[in-house]
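Chemist: Sequence:
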Amino acid sequence: MEIEIIDKNDALSSNFRDLVHDLLVFSAQYLNLSDQVEVSVTIVDNEEIRQINRDYRGKDYATDVISFAMRDVIEDDPLCQMDMAPLQAFDLMLGDLIISIDKVKSQAKEYGHSQRRELAFLVVHGFLHLNGYDHHSQAEEEEMFQLQENILAEFGVGR
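Numbers in the working numbering are just positions in the sequence shown, counted from 1, shifted up by 7.
Fair warning: there could be bad hints in the mix.
Stated by the list, open to error - Straight-line distance between alpha carbons at most 27 Å, and here's what the computed DSSO-like set of lysine-lysine pairs gives:
1. Lys-112 x Lys-66
2. Lys-116 x Lys-66
3. Lys-15 x Lys-112
4. Lys-116 x Lys-15
5. Lys-15 x Lys-66
I should point out that these hints are in silico values taken from the structure, not numbers from a laboratory.
Whenever a hint applies, use it, and build me the whole structure from the sequences.
Modeler: Next up, the structure:
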């Protein structure tokens, strides 16, 4: 699995960087994904994630994690509707996760658990979004949240 981790504020310790990497590898294996998949994770502050959220989602507030699934970009592009065969390679690029380190810190405090647990939760949550999971309906939410709790527990970052 190819994983690119970009820490825009040099906020991640080497332990947290390893956590992100190892958890993504574990999650991909848990979902039986190809070992050739690619994902990028960018760690930003609240100001930057607010700008991204406003520019790409029309929501003017800082959020904890944003997932940009490559499959969604390709499927929504009219030029790509003609012949999907050349796009098979894009199946390997899952997409990009943007995580606010400020939200990791504040939400860990708010929820009464460690920053490690909060970062792990956001990584798995965003990764599941990249793989088509969502929580628009009650049934989808139950499926996604149960899956993320299972992954976190088996990885060793339970509640």
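Chemist: Work down the list of hints and note, for each, if the structure agrees.
Modeler: Evaluated hints:
1. Lys-112 x Lys-66: Since the Cα atoms of Lys-112 and Lys-66 sit roughly 21 Å apart, the hinted pair holds (cutoff 27 Å).
2. Lys-116 x Lys-66: holds (24 Å)
3. Lys-15 x Lys-112: Roughly 16 Å separates the two Cα atoms, so the pair holds.
4. Lys-116 x Lys-15: holds (22 Å)
5. Lys-15 x Lys-66: Holds, at about 22 Å.
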